[in-house]
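> Chains A and B are the protein sequences, given in the same order.
Residue numbers for the first sequence follow the working numbering, so the first one is 1 and each next one is one higher.
Residue numbers for the second sequence follow the working numbering, so the first one is 1 and each next one is one higher.
Since the hints were made in silico from the structure, they are not lab data.
Heads up, some of the hints might be wrong.
Not everything, but these chain A residues come out facing chain B in the computed CB check (under 7 Å) [stated by the list, open to error]: (1) Ile38; (2) Val40; (3) Asn465; (4) Ala466.
Note that beta-carbon positions come from the ideal geometry of N, C-alpha and C, so glycine has one too.
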Amino acid sequence: MAPNAGWADPELADLFSEDPSLEETARLLRASRPEPVIDVHFQRRLRGQLMAAAESRPTRPRRGLAPRRAPRAPFWMRLRATHLAWGGIGVGVALSAATVIALVTGGQGQDHQRTVIATSTVAAQHLVSPTNTITVSFNQAMNHGAVESGLRIEPATEVTTAWQGNDLVITPVHHLAGNTPYTVTIAQPALVASSGARATAPVQITFGTAPTPPAVPGTPAPASLTTTSLGSAQPGGLLLFAPDGGVVVNATAPSGATPLPTPTPTPAPSPTPSPSPVPSASPGATPGITVPSAAPVVPTPAVQSSGPVLEELTRGSRAPLVLGPAAIAAAFSPDGSSLASAVQSPQGGSDILLSSAAGTGTRTLTHSAAPIVAVAWSTGSIEFATAQAVKTVDGSGTVEPVAEPAGTIAALSPDGSRAYLTPGGGSSGRLYTLATGSVRTLSGAGGATGVAFSGDGSTIAWIDNASGHPRLLTAPLAEDSSSPVTVLDPGAELGTVALNRDGTRVAYTETTSDGTGKLVIAQVPTGAPLATGAAGSSLAFSPSGSAIALLASSGQGTQVALGQIPGSSAAPAAGVPAAATQVLHAFLDAQVRGDRGALGVLSVPGLLNGSLLPPGLSRSSLIDAVTRPDGTVQAIATLVLDPTPTRLTTLVADETLSLEPSGGSFVVNALTVSQLHPLAAGPHVLGVSSSQQQGRLTVTVAFDSDLAPDSVPAAITVQQPSGARVPATVSYDPNTRTATLTVTQAPSGALSVIVGTALRDINDASPAAVFTAPVVGG
Amino acid sequence: MSLPRDQEDRLVERAKNDAEAFGELYDHYFAQIYRFVYSRLRDQDAAEDVTSEVFFKALRAIGRYKPSGHPFSAWLYQISVNAINDHYRARRPAQSLDAAIAVADAQRPLADRVVDSTEAARVWAAIDALPPQQRVAMTLKLGEDMKLAQIGGIMGKSEGAVKLLIHRGMIGVRQRLGVAPAVEERA
Numbered sequence: 001m002a003p004n005a006g007w008a009d010p011e012l013a014d015l016f017s018e019d020p021s022l023e024e025t026a027r028l029l030r031a032s033r034p035e036p037v038i039d040v041h042f043q044r045r046l047r048g049q050l051m052a053a054a055e056s057r058p059t060r061p062r063r064g065l066a067p068r069r070a071p072r073a074p075f076w077m078r079l080r081a082t083h084l085a086w087g088g089i090g091v092g093v094a095l096s097a098a099t100v101i102a103l104v105t106g107g108q109g110q111d112h113q114r115t116v117i118a119t120s121t122v123a124a125q126h127l128v129s130p131t132n133t134i135t136v137s138f139n140q141a142m143n144h145g146a147v148e149s150g151l152r153i154e155p156a157t158e159v160t161t162a163w164q165g166n167d168l169v170i171t172p173v174h175h176l177a178g179n180t181p182y183t184v185t186i187a188q189p190a191l192v193a194s195s196g197a198r199a200t201a202p203v204q205i206t207f208g209t210a211p212t213p214p215a216v217p218g219t220p221a222p223a224s225l226t227t228t229s230l231g232s233a234q235p236g237g238l239l240l241f242a243p244d245g246g247v248v249v250n251a252t253a254p255s256g257a258t259p260l261p262t263p264t265p266t267p268a269p270s271p272t273p274s275p276s277p278v279p280s281a282s283p284g285a286t287p288g289i290t291v292p293s294a295a296p297v298v299p300t301p302a303v304q305s306s307g308p309v310l311e312e313l314t315r316g317s318r319a320p321l322v323l324g325p326a327a328i329a330a331a332f333s334p335d336g337s338s339l340a341s342a343v344q345s346p347q348g349g350s351d352i353l354l355s356s357a358a359g360t361g362t363r364t365l366t367h368s369a370a371p372i373v374a375v376a377w378s379t380g381s382i383e384f385a386t387a388q389a390v391k392t393v394d395g396s397g398t399v400e401p402v403a404e405p406a407g408t409i410a411a412l413s414p415d416g417s418r419a420y421l422t423p424g425g426g427s428s429g430r431l432y433t434l435a436t437g438s439v440r441t442l443s444g445a446g447g448a449t450g451v452a453f454s455g456d457g458s459t460i461a462w463i464d465n466a467s468g469h470p471r472l473l474t475a476p477l478a479e480d481s482s483s484p485v486t487v488l489d490p491g492a493e494l495g496t497v498a499l500n501r502d503g504t505r506v507a508y509t510e511t512t513s514d515g516t517g518k519l520v521i522a523q524v525p526t527g528a529p530l531a532t533g534a535a536g537s538s539l540a541f542s543p544s545g546s547a548i549a550l551l552a553s554s555g556q557g558t559q560v561a562l563g564q565i566p567g568s569s570a571a572p573a574a575g576v577p578a579a580a581t582q583v584l585h586a587f588l589d590a591q592v593r594g595d596r597g598a599l600g601v602l603s604v605p606g607l608l609n610g611s612l613l614p615p616g617l618s619r620s621s622l623i624d625a626v627t628r629p630d631g632t633v634q635a636i637a638t639l640v641l642d643p644t645p646t647r648l649t650t651l652v653a654d655e656t657l658s659l660e661p662s663g664g665s666f667v668v669n670a671l672t673v674s675q676l677h678p679l680a681a682g683p684h685v686l687g688v689s690s691s692q693q694q695g696r697l698t699v700t701v702a703f704d705s706d707l708a709p710d711s712v713p714a715a716i717t718v719q720q721p722s723g724a725r726v727p728a729t730v731s732y733d734p735n736t737r738t739a740t741l742t743v744t745q746a747p748s749g750a751l752s753v754i755v756g757t758a759l760r761d762i763n764d765a766s767p768a769a770v771f772t773a774p775v776v777g778g
Numbered sequence: 001m002s003l004p005r006d007q008e009d010r011l012v013e014r015a016k017n018d019a020e021a022f023g024e025l026y027d028h029y030f031a032q033i034y035r036f037v038y039s040r041l042r043d044q045d046a047a048e049d050v051t052s053e054v055f056f057k058a059l060r061a062i063g064r065y066k067p068s069g070h071p072f073s074a075w076l077y078q079i080s081v082n083a084i085n086d087h088y089r090a091r092r093p094a095q096s097l098d099a100a101i102a103v104a105d106a107q108r109p110l111a112d113r114v115v116d117s118t119e120a121a122r123v124w125a126a127i128d129a130l131p132p133q134q135r136v137a138m139t140l141k142l143g144e145d146m147k148l149a150q151i152g153g154i155m156g157k158s159e160g161a162v163k164l165l166i167h168r169g170m171i172g173v174r175q176r177l178g179v180a181p182a183v184e185e186r187a
């Protein structure tokens, strides 16, 4: 018998009376609707916890006896929303910022003290900053010594404790490890209230930390970015580099500045295409667009030079160069010979101006009744966008419509191939491909300042604010995949973002919880910071990527600051090509997202099947990657399901990946994924990296647990494939939980690092199994 | 199934101060809220988490609850819809929709297709691709067998607007599933 037989919905039958196939679709859907099996244990646990929370509500004062003051809401209404979720012993809410744990006591004390309530702001969170403290708040005075004696943290973490009223504040001595699930337990016998009441269940809090850039011993802290002020600018977003290295901004024209040329009007376009009326282009000019190097200009009225102008500022004593009127948007041609700008038109809307890169020969190409928001150069023409449409204009002023995507356009990619559409109705921003009309959602992307294209138009970066924990993501424009960039302070709010020309470096601003603003320049995709400096409101990399410009507020108003980025070139781990590292991160991130489309793009055809993608992953971790002599890359990773209040065990799957070169990048060509299994007790390796210089091999192994230092030297070794141990000195840095092995004369051929079961953490727990990872491919 | 309105109103009023009354509401509505949440998330752990969230939000907010002419369950469903949306914002689905429905074979007979539970899950997953409001309306109609008026009460929309959402949603699902037109069956 067909499922769903006999089902009929008169409302749907009526609704679809003119299209029976829709009713058939409804029948199909209803027949396939999920029929969950309710876990009665869960149902009972949840009921019990609800009852405990409900009973702990204070009794309303009797009418007439209450003091004359505004009535207070029950305690859970007085708490901030983020403090109100429920977790507890058996069940919890993974989406909330706090867990309430009701611990029913033995009935001593007053009625309102019969239940001990504990809350924690980190409970059930997946992106807790590693610099966070852990606070467990009790609703009544507790026996401090007893509670502290029952405290245990997994992975093993050395902590100090302090009490602030009824709050137990737990501070990790060496911070928490990044990208790691944690469980904090206070044993039931230790939960003794000052009243003597004892809890009947333990406190168990689960959470996970946000990723942080891998800690590499010996790596200096990111350099401070030293900037030079080039001059004043008008507040606002326009900031770009000129081909000669100057910085172009809107500014109030300085007295004595180069007079502002008046644009010459554009001849009306001929009905039929005709040769451009302007003189022929100089050698190297952008095809299709020609700009006279010394076009006749109308003498500039004085009033124009006193208004806002678009000017180029440079280091040194050169006076600012006025390029034209203040612009809404501007872009230099790919060959650097011409400048296109959109300016506010006297008659409303915007005008597109074209000039030489030095601002000479300015003429108006076209007028747009709707304000222009972005300008780019595409092949042979200038592309401009209003909020609703993208058009091109050529040197003769002929305008051609390109696209009218559904949405609000905020930016164009530098090559004019794509438009960024800001979110409407709370959804994420989208990327619109002009050539195909296809639309791609950028998860969590918001306003235009949180989105940036690389100068070559190959990469996009954006800030994902969807989860309340901002993430910085990058993605190749040609592929529907993305990879997260670990930010310097995972708890910070992220602001402006910029990419360099080839998308290998990103700059972003962050504001930490204490209100401190910071500029961070980091490598993509690892997030390894290159430099930090004072925050700015707009950011732009120089064409070579060696400098960055920003608009910074100061006592003198908005200043244009230029900083030389300290020369730390990208240093892929273990000689692994940056492209391979990027693919690895993108692949792992796609696995966590369950994005099979992206996984397909990043792997060879036919590689994927259902068993390779455990559902509901919380995080992934790239443990190790090495390059083999044949150019392939071998990697080890871990896929993780964080514990939840209903499942206190962390589940992991072990993964090995192989990548092969493909079309200038890499693809995953082999993959093994183990079944999900509980994470064994004891210390675990978070990451392995190595570097080799003049025969000297340095291997670093980062752990999730605080280790017993005396157990490290004997437990971690470097070995050849034969099992022969390679002599190495071993040191351990408790601040980074990292062991460093130095081999002064590394033998040729493959080498591996071995972590043995003799290793101990501060809780005296050892790894359940020997860990092996290649450090030199062979 | 809702309680008789006057009985429900009295129970809700008591639940503002009486834990046991709240427990009665929980006992009455747990299963349908859990089923609705599960039908949207199709993951037991996630459904349990979100269901917990719904009832704790309800407990926190019940002091401010005022009868609006709709059943109490409508209020719980509203909380559920928001909690599910929060869940999706915080955690992306474990499997992409395209992958989920790609193997749905439109050539196979209807009965064969839905007998397979894996296939059924994939068919139901086609709803995930719809715009949010269409998703909610479709889930309440086909997952919960609700009347259009009830759905309107939960979503704050007119019955006509709900009809439109379901009509458009069904067209969207049909396109994705490639369901063969049923015209010949009625000819």
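> Evaluate each hint against the coordinates.
Results for each hint:
At a threshold of 7 Å, the smallest CB-CB gap from Ile38(A) to chain B is about 6 Å, leaving the interface hint in force. For Val40(A), the shortest C-beta to C-beta distance to chain B is roughly 10 Å, which exceeds 7 Å, and the interface hint is violated. The beta carbon of Asn465(A) is not positioned within 7 Å of any beta carbon in chain B (closest approach about 10 Å), and the interface hint is therefore violated. Interface hint at Ala466(A): satisfied, since its Cβ lies 5 Å from the closest Cβ of chain B, which is below the 7 Å cut-off.
In summary, the structure is inconsistent with hints 2, 3 from the numbered list given earlier, while agreeing with the others.
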